[in-house]
Amino acid sequence: MNKVAFTSRNLYLQVLLILVLILLVALPFYTSAYNIMLLCNILMYIIITVSWVLFSGPTGYISLASAAFFGVGIYTSAVLGQSLPLPLVIIIGGLFSFFLALLVGVITLRLRGMYFSIFTFGLVELVKHFLLWWEITKTNTRGRFVILVNYIHVFYIMLAIFLVLLLIAYLIRRSKYGLALQSIGEYEEAAAHIGINVTLLKVVTFAVSSFFIGTVGAVMATRWTYIDPVIAFDPFYSFMPVLMAIFGGMGQLYGPVIGAAIFAYLEEALITRFPYHYMLIFGIIMVVSILYLPEGLIGLLQKLWKIINSGRLAVYREKRQKRGTGREQENA
Amino acid sequence: MLEAAKVTKYFGGMAAVSNVDFSVSQGEIVGLIGPNGAGKTTLFNLISGALPLSSGEIRFKGRKISGLKPHQICRMGVARTFQLVKVFGNMPVLQNVMLGSLFGREHTVSPAEAVREAREALEFVGLAEYINAPAKDLIVGNQKRLEMARAIATKPELLLLDELMAGLNATEVSEAIDDVKKLRDRGITIIMIEHVMKAIMSVCDRIIVLHHGEKIAEGTPQEIAASSKVIEVYLGE
Ligand SMILES: Nc1ncnc2c1ncn2[C@@H]1O[C@H](COP(=O)(O)OP(=O)(O)O)[C@@H](O)[C@H]1O
Ligand SMILES: [Mg+2]
Numbered sequence: 001m002n003k004v005a006f007t008s009r010n011l012y013l014q015v016l017l018i019l020v021l022i023l024l025v026a027l028p029f030y031t032s033a034y035n036i037m038l039l040c041n042i043l044m045y046i047i048i049t050v051s052w053v054l055f056s057g058p059t060g061y062i063s064l065a066s067a068a069f070f071g072v073g074i075y076t077s078a079v080l081g082q083s084l085p086l087p088l089v090i091i092i093g094g095l096f097s098f099f100l101a102l103l104v105g106v107i108t109l110r111l112r113g114m115y116f117s118i119f120t121f122g123l124v125e126l127v128k129h130f131l132l133w134w135e136i137t138k139t140n141t142r143g144r145f146v147i148l149v150n151y152i153h154v155f156y157i158m159l160a161i162f163l164v165l166l167l168i169a170y171l172i173r174r175s176k177y178g179l180a181l182q183s184i185g186e187y188e189e190a191a192a193h194i195g196i197n198v199t200l201l202k203v204v205t206f207a208v209s210s211f212f213i214g215t216v217g218a219v220m221a222t223r224w225t226y227i228d229p230v231i232a233f234d235p236f237y238s239f240m241p242v243l244m245a246i247f248g249g250m251g252q253l254y255g256p257v258i259g260a261a262i263f264a265y266l267e268e269a270l271i272t273r274f275p276y277h278y279m280l281i282f283g284i285i286m287v288v289s290i291l292y293l294p295e296g297l298i299g300l301l302q303k304l305w306k307i308i309n310s311g312r313l314a315v316y317r318e319k320r321q322k323r324g325t326g327r328e329q330e331n332a
Numbered sequence: 001m002l003e004a005a006k007v008t009k010y011f012g013g014m015a016a017v018s019n020v021d022f023s024v025s026q027g028e029i030v031g032l033i034g035p036n037g038a039g040k041t042t043l044f045n046l047i048s049g050a051l052p053l054s055s056g057e058i059r060f061k062g063r064k065i066s067g068l069k070p071h072q073i074c075r076m077g078v079a080r081t082f083q084l085v086k087v088f089g090n091m092p093v094l095q096n097v098m099l100g101s102l103f104g105r106e107h108t109v110s111p112a113e114a115v116r117e118a119r120e121a122l123e124f125v126g127l128a129e130y131i132n133a134p135a136k137d138l139i140v141g142n143q144k145r146l147e148m149a150r151a152i153a154t155k156p157e158l159l160l161l162d163e164l165m166a167g168l169n170a171t172e173v174s175e176a177i178d179d180v181k182k183l184r185d186r187g188i189t190i191i192m193i194e195h196v197m198k199a200i201m202s203v204c205d206r207i208i209v210l211h212h213g214e215k216i217a218e219g220t221p222q223e224i225a226a227s228s229k230v231i232e233v234y235l236g237e
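Each protein sequence line maps, in turn, to chains A and B. Per my numbering, the first sequence starts with residue 1, numbered consecutively. Per my numbering, the second sequence starts with residue 1, numbered consecutively.
One or more of the hints may lead you astray.
[To be verified] The calculated lysine to aspartate or glutamate pairs, modelled on EDC-like cross-linking and capped at a C-alpha distance of 16 Å, are:
hint, chain 1, residue 1, chain 2, residue 2
1, B, Lys182, B, Glu113
2, B, Lys6, B, Glu28
3, B, Lys155, B, Glu106
4, B, Lys155, B, Glu113
5, B, Lys86, A, Glu186
6, B, Lys182, B, Asp21
7, A, Lys176, B, Glu129
8, B, Lys86, A, Asp228
9, B, Lys198, B, Glu232
10, B, Lys198, B, Asp179
11, B, Lys136, A, Glu186
12, B, Lys86, A, Glu189
13, B, Lys182, B, Asp137
14, B, Lys182, B, Glu214
15, B, Lys69, A, Glu189
16, B, Lys86, B, Glu120
17, B, Lys69, A, Glu188
18, B, Lys86, B, Asp179
If you're looking for bench data, these hints aren't it; they were derived computationally from the structure.
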């Protein structure tokens with residue numbers, strides 16, 4: 001009976017997803033440029049957040065390197081954008097991030113907990129200062145101009161990256177590797193002792209997640225015209241995905257998606273209305289959600305759903321018990 | 001099947017295991033005893049690859065395993081349980097065990113096969129009714145059983161059991177003893193660390209005694225029970 005409920009819920013979800021998709025694809029035909037750009041921003045946050053959750057969610061290794069991979073994407077776009085076609089630039093941006101993550105992963109994934117987080121955060125500063133030094137001493141420049149791309153193209157590319165990411169995240173989650181990543185988060189030593197190559201799995205997943213962050217950086221760079229290392233490697237992009245994932249809840253794939261979407265929209269709304277206080281309001285929302293929504297927004301919804309359902313179940317159980325067929329094990 | 005030669009492990013300046021030689025043959029149940037802090041768990045950690053050796057060598061089925069990673073040693077056929085249980089608490093019991101099937105072998109196992117094997121292993125340890133419960137909801141005794149099922153699912157030839165029976169009541173101890181015997185009848189070789197003397201004396205073919213990291217005695221249960229050296233160590237503590 002459980003299975004039936006599960007598949008029918010899945011069907012609803014699929015229909016809903018396809019409807020949303022059609023809506024999104026058709027969007028540029030009936031809405032303003034402003035809305036499309038807003039949506040690009042939202043997609044950017046969603047992709048970074050879902051990528052971050054792909055690795056950090058199940059394993060519990062809290063990476064603060066997102067800004068580094070995002071920045072690598074941005075810089076790739078700035079350097080190669082003039083000479084190569086955009087799709088290629090995007091893939092190269094992703095690949096640079098991928099290989100940087102492989103390298104960093106091999107060095108740092110031995111570190112646990114706070115040490116890992118701090119090291120990954122250090123990476124952002126390291127790459128930023130390396131590029132600053134490089135530009136001052138080697139190329140004698142400061143910053144670069146990025147070629148502009150039609151915003152509708154940007155939108156469709158972001159949508160495509162988002163869909164590929166969603167598909168990959170979904171496939172990993174339901175594969176044995178998703179389960180293995182979760183076991184690493186619970187007890188890494190035990191995971192290694194039942195045959196899981198924990199190092200390889202961690203490093204590869206970290207790199208795949210970074211690939212997507214790199215591609216988004218490469219696309220979004222085209223929206224900014226001018227970039228320099230300080231703009232490209234903004235620590236903000238390391239903390240945002242963590243906050244958005246906590247806000248949305250990481251138990252389900254759609255948690256971070258919805259969390260990031262709401263957050264990104266909020267940011268835009270708050271910036272335009274309260275340009276001086278928006279960070280403060282942001283902080284308050286964050287503190288409240290950490291204190292009162294340990295499982296995030298989705299966890300809250302699931303809890304509400306359970307309460308509604310358990311009301312129904314209780315009635316059902318009572319009926320059954322009266323007939324004398326109730327089993328106490330049901331709840332065990 | 002397992003040969004250890006001059007196995008030594010230092011923690012800082014302290015030798016937790018020093019110059020231990022022993023071997024285990026196919027089909028045996030070997031008991032590993034000694035006072036707390038004798039180095040028993042450390043020896044398991046060395047065999048399973050959790051810790052690198054300071055010196056010495058360990059061979060399994062003729063191949064050197066010291067220096068390999070835990071997942072490699074597991075896939076070669078060595079599985080273990082932990083003294084302090086390490087189950088995947090937020091994961092359902094069935095998935096805990098399935099992971100053993102899915103990753104603990106040289107060849108790939110299909111998800112359907114993994115489910116079947118996991119159910120069978122859980123049936124074997126008597127946890128069939130808890131299949132869908134999160135592992136953290138089990139009582140500690142059952143978590144130990146779960147660890148055993150997870151280890152069995154990797155299809156080991158050698159199984160290392162670290163204080164499986166600690167904290168179990170008398171009935172549970174006899175059940176666990178039966179389980180160990182049944183595993184041996186399936187052809188699995190077993191090394192067990194145990195403080196429950198009844199268990200050690202009734203199932204082990206041979207007993208190894210560690211004290212301050214050194215092997216101080218080895219022999220049949222009768223020989224060990226009669227050894228003045230062993231009695232001295234236990235009474236002296
Ligand atoms: N990872 C470790 N780091 C440092 N010392 C350790 C470690 N593991 C065990 N020890 C020390 O090694 C000695 C042997 O421990 P252990 O093998 O757990 O003993 P037993 O299992 O026989 O009770 C103890 O003194 C313990 O404190
Ligand atoms: Mg011990």
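Going through the hints against the structure:
no.	hint	in the structure
1	B:Lys182 to B:Glu113	violated, 22 Å
2	B:Lys6 to B:Glu28	violated, 21 Å
3	B:Lys155 to B:Glu106	holds, 10 Å
4	B:Lys155 to B:Glu113	holds, 13 Å
5	B:Lys86 to A:Glu186	holds, 8 Å
6	B:Lys182 to B:Asp21	violated, 28 Å
7	A:Lys176 to B:Glu129	violated, 23 Å
8	B:Lys86 to A:Asp228	violated, 48 Å
9	B:Lys198 to B:Glu232	violated, 19 Å
10	B:Lys198 to B:Asp179	holds, 15 Å
11	B:Lys136 to A:Glu186	holds, 11 Å
12	B:Lys86 to A:Glu189	holds, 8 Å
13	B:Lys182 to B:Asp137	violated, 27 Å
14	B:Lys182 to B:Glu214	violated, 31 Å
15	B:Lys69 to A:Glu189	holds, 11 Å
16	B:Lys86 to B:Glu120	violated, 21 Å
17	B:Lys69 to A:Glu188	holds, 13 Å
18	B:Lys86 to B:Asp179	violated, 20 Å
In terms of the numbered hints stated before, the structure departs from hints 1, 2, 6, 7, 8, 9, 13, 14, 16, 18, listed from lowest to highest.
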